[in-house]
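These protein sequences, in sequence, are chains A and B. Residues in the first sequence are numbered from 1 upward in steps of one, following the working numbering. Residues in the second sequence are numbered from 1 upward in steps of one, following the working numbering.
Keep in mind that the hints were calculated from the coordinates and are not lab data. Treat the hints with care, as some may be off.
Stated by the list, open to error - Below, in silico cross-link-like pairs of lysine-lysine (DSBU-like), each with a Cα-Cα straight-line distance of 30 Å or less:
| no. | chain 1 | residue 1 | chain 2 | residue 2 |
| --- | --- | --- | --- | --- |
| 1 | A | K21 | A | K74 |
| 2 | A | K23 | A | K71 |
| 3 | B | K71 | B | K23 |
| 4 | A | K9 | B | K23 |
| 5 | B | K74 | B | K23 |
| 6 | A | K23 | A | K74 |
| 7 | A | K26 | B | K26 |
| 8 | A | K26 | B | K71 |
| 9 | A | K71 | B | K71 |
| 10 | A | K26 | A | K71 |
| 11 | A | K23 | B | K74 |
| 12 | A | K23 | B | K26 |
| 13 | B | K9 | A | K71 |
| 14 | B | K74 | B | K9 |
| 15 | A | K26 | B | K74 |
| 16 | A | K74 | B | K23 |
| 17 | B | K71 | B | K21 |
| 18 | A | K26 | B | K23 |
| 19 | B | K26 | A | K9 |
| 20 | B | K71 | A | K23 |
| 21 | B | K26 | B | K71 |
| 22 | B | K26 | A | K74 |
| 23 | B | K71 | A | K21 |
| 24 | A | K74 | A | K26 |
| 25 | B | K71 | A | K9 |
| 26 | A | K74 | A | K9 |
To be verified - Label-pair ranges, simulated between beta-carbon atoms:
| no. | chain 1 | residue 1 | chain 2 | residue 2 | range |
| --- | --- | --- | --- | --- | --- |
| 27 | A | K23 | B | K9 | 19 to 27 Å |
| 28 | A | H30 | B | K71 | 37 to 45 Å |
| 29 | B | Y28 | A | K26 | 37 to 45 Å |
| 30 | B | I20 | A | Y12 | 18 to 26 Å |
| 31 | B | K9 | A | E54 | 31 to 39 Å |
| 32 | A | Y12 | B | G22 | 35 to 43 Å |
| 33 | B | K21 | A | Y12 | 34 to 42 Å |
| 34 | B | I20 | A | N37 | 18 to 26 Å |
| 35 | A | H76 | B | G40 | 22 to 30 Å |
| 36 | A | L4 | B | M36 | 24 to 32 Å |
| 37 | B | G56 | A | R72 | 16 to 24 Å |
| 38 | A | E27 | B | G41 | 22 to 30 Å |
| 39 | B | K71 | A | Y12 | 32 to 40 Å |
Predicted, not measured: the structure shown is a model, and the values here were computed from it. For glycine and all other residues, C-beta sits at the position ideal for the given N, C-alpha and C.
There are 2 protein chains.
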Amino acid sequence: MGFLADTPKPPYYAVIFSSIKGKYDKEYEHTAERMMNLAGGQPGFLGAESVREENGCGITVSYWDSLEAIKRWKDHTEPPGGKTKRKKRLV
Amino acid sequence: MGFLADTPKPPYYAVIFSSIKGKYDKEYEHTAERMMNLAGGQPGFLGAESVREENGCGITVSYWDSLEAIKRWKDHTEPPGGKTKRKKRLV
């Protein structure tokens with residue numbers, strides 16, 4: 001599997017998650033990682049691209065066929081405590 | 001200026017540009033770089049985040065206040081030859 005996600009023709013939706021590793025608590029990082037691991041099994045998931053530099057700066061983009069699929073993914077994977085911190089990036 | 005763009009409250013818009021350095025011709029890479037350099041001076045530009053790993057995989061996300069601002073940016077900076085290749089990521 002290559003780096004570039006094999007996305008279909010638009011329209012589709014993207015969730016952008018930008019973070020600096022080590023800047024947040026371990027639980028937060030673990031939750032973010034778990035969410036991405038679970039994404040692959042969710043209905044409507046189209047693919048993902050993830051990059052992290054050695055300085056800790058990282059961007060992960062996941063692609064989805066609908067806003068409903070994104071909502072299901074969030075509801076399915078996110079514990080109540082994680083919501084506020086990540087909200088900004090989940091558009 | 002930190003890595004994370006200081007974006008306002010949603011809604012706003014994102015342009016995601018994923019690429020592997022060295023996989024495209026030099027002209028393409030140069031155009032992409034020039035587009036990002038010019039973004040800062042465009043009306044409606046809210047910020048950008050960019051990450052590239054040593055293996056060449058990179059993601060650049062720019063944030064905009066409207067779809068019109070994105071269109072103006074594209075029209076302003078993009079030569080005719082670049083359009084097809086980049087279209088997929090400009091949603």
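Okay, the hints, checked on the actual structure:
1. Of the pairs offered as hints, the one joining A:K21 and A:K74 holds, with about 21 Å between alpha carbons and a cut-off of 30 Å not exceeded.
2. Straight-line distance between C-alpha atoms of A:K23 and A:K71 comes to about 26 Å, which keeps the hinted pair within the 30 Å bound.
3. The hinted pair formed by B:K71 and B:K23 meets the criterion: a straight-line CA distance of about 26 Å does not exceed 30 Å.
4. A hinted pair counts as satisfied when its Cα atoms are at most 30 Å apart, and A:K9 with B:K23 qualifies at roughly 22 Å.
5. For a cut-off of 30 Å, the pair hint linking B:K74 to B:K23 stands: about 22 Å separates their Cα positions.
6. With a C-alpha separation of about 22 Å, the suggested pairing of A:K23 with A:K74 holds against the 30 Å cut-off.
7. Among the hinted pairs, A:K26 with B:K26 is inconsistent with the structure: their alpha-carbon atoms are about 40 Å apart, more than 30 Å.
8. Straight-line distance between C-alpha atoms of A:K26 and B:K71 comes to about 40 Å, which puts the hinted pair past the 30 Å bound.
9. With a C-alpha separation of about 28 Å, the suggested pairing of A:K71 with B:K71 holds against the 30 Å cut-off.
10. Only pairs whose Cα atoms come within 30 Å are accepted, and A:K26 paired with A:K71 is accepted, the gap being roughly 24 Å.
11. The straight-line distance between the Cα atoms of A:K23 and B:K74 is roughly 34 Å, outside the 30 Å bound, and the hint therefore fails.
12. A C-alpha spacing of about 35 Å is found between A:K23 and B:K26, which places the hinted pair above 30 Å, so the restraint is violated.
13. For a cut-off of 30 Å, the pair hint linking B:K9 to A:K71 stands: about 19 Å separates their Cα positions.
14. Between B:K74 and B:K9 the alpha-carbon distance is near 24 Å, which keeps this suggested pair within the 30 Å criterion.
15. Restraint check for A:K26 and B:K74: the C-alpha separation of about 40 Å exceeds 30 Å, so the hint is violated.
16. For the hint linking A:K74 to B:K23, the alpha-carbon distance of about 34 Å lies beyond 30 Å, and the restraint is violated.
17. A threshold of 30 Å between alpha carbons decides the hint, and for B:K71 with B:K21 the separation of about 25 Å falls inside it, so the pair holds.
18. For the suggested pair A:K26 and B:K23, the alpha carbons sit about 35 Å apart, so the restraint of at most 30 Å is broken.
19. Using a Cα cut-off of 30 Å, the hinted pair B:K26 and A:K9 holds, with the two alpha carbons roughly 26 Å apart.
20. Restraint check: the Cα-Cα separation between B:K71 and A:K23 comes to about 35 Å, which exceeds 30 Å; the hinted pair is violated.
21. Distance restraint check for B:K26 and B:K71: the Cα-Cα separation of roughly 24 Å lies within the 30 Å cut-off, and the hinted pair is therefore satisfied.
22. The suggested pairing of B:K26 with A:K74 is violated, with an alpha-carbon distance near 40 Å, which exceeds 30 Å.
23. Restraint check for B:K71 and A:K21: not satisfied, since their Cα atoms lie roughly 33 Å apart, outside the 30 Å limit.
24. Our distance criterion of 30 Å between C-alpha atoms is met by A:K74 and A:K26, whose separation comes to about 19 Å.
25. For the suggested pair B:K71 and A:K9, the alpha carbons sit about 19 Å apart, so the restraint of at most 30 Å is met.
26. Our distance criterion of 30 Å between C-alpha atoms is met by A:K74 and A:K9, whose separation comes to about 24 Å.
27. Separated by about 21 Å at the C-beta atoms, A:K23 and B:K9 satisfy the suggested range of 19 to 27 Å.
28. Here the CB-CB span from A:H30 to B:K71 is close to 40 Å, well matched to the stated 37 to 45 Å.
29. For the pair B:Y28 and A:K26, the beta carbons lie near 40 Å from each other, so the given range of 37 to 45 Å is met.
30. Remark: the range hint 18 to 26 Å for B:I20 to A:Y12 is upheld by a beta-carbon distance near 21 Å.
31. Taking 31 to 39 Å as the suggested C-beta distance range, the pair B:K9 and A:E54 conforms, at roughly 32 Å.
32. Judged by the Cβ atoms, the range 35 to 43 Å given for A:Y12 and B:G22 is violated: they are separated by roughly 27 Å.
33. Between B:K21 and A:Y12 the beta carbon distance is about 25 Å. The supplied range of 34 to 42 Å is therefore violated.
34. A C-beta distance of roughly 23 Å is found between B:I20 and A:N37, which places it inside the suggested range of 18 to 26 Å.
35. Checked against the given bound of 22 to 30 Å, the beta carbons of A:H76 and B:G40, roughly 38 Å apart, lie outside it.
36. Hint check: A:L4 to B:M36, Cβ distance near 18 Å, so the stated range 24 to 32 Å is violated.
37. Look at B:G56 against A:R72: about 34 Å separates their beta carbons, and that is not inside 16 to 24 Å.
38. For the pair A:E27 and B:G41, the supplied restraint of 22 to 30 Å is violated, since their beta-carbon distance comes to about 40 Å.
39. For the pair B:K71 and A:Y12, the supplied restraint of 32 to 40 Å is violated, since their beta-carbon distance comes to about 19 Å.
Of the numbered hints listed earlier, those contradicted by the structure are 7, 8, 11, 12, 15, 16, 18, 20, 22, 23, 32, 33, 35, 36, 37, 38, 39.
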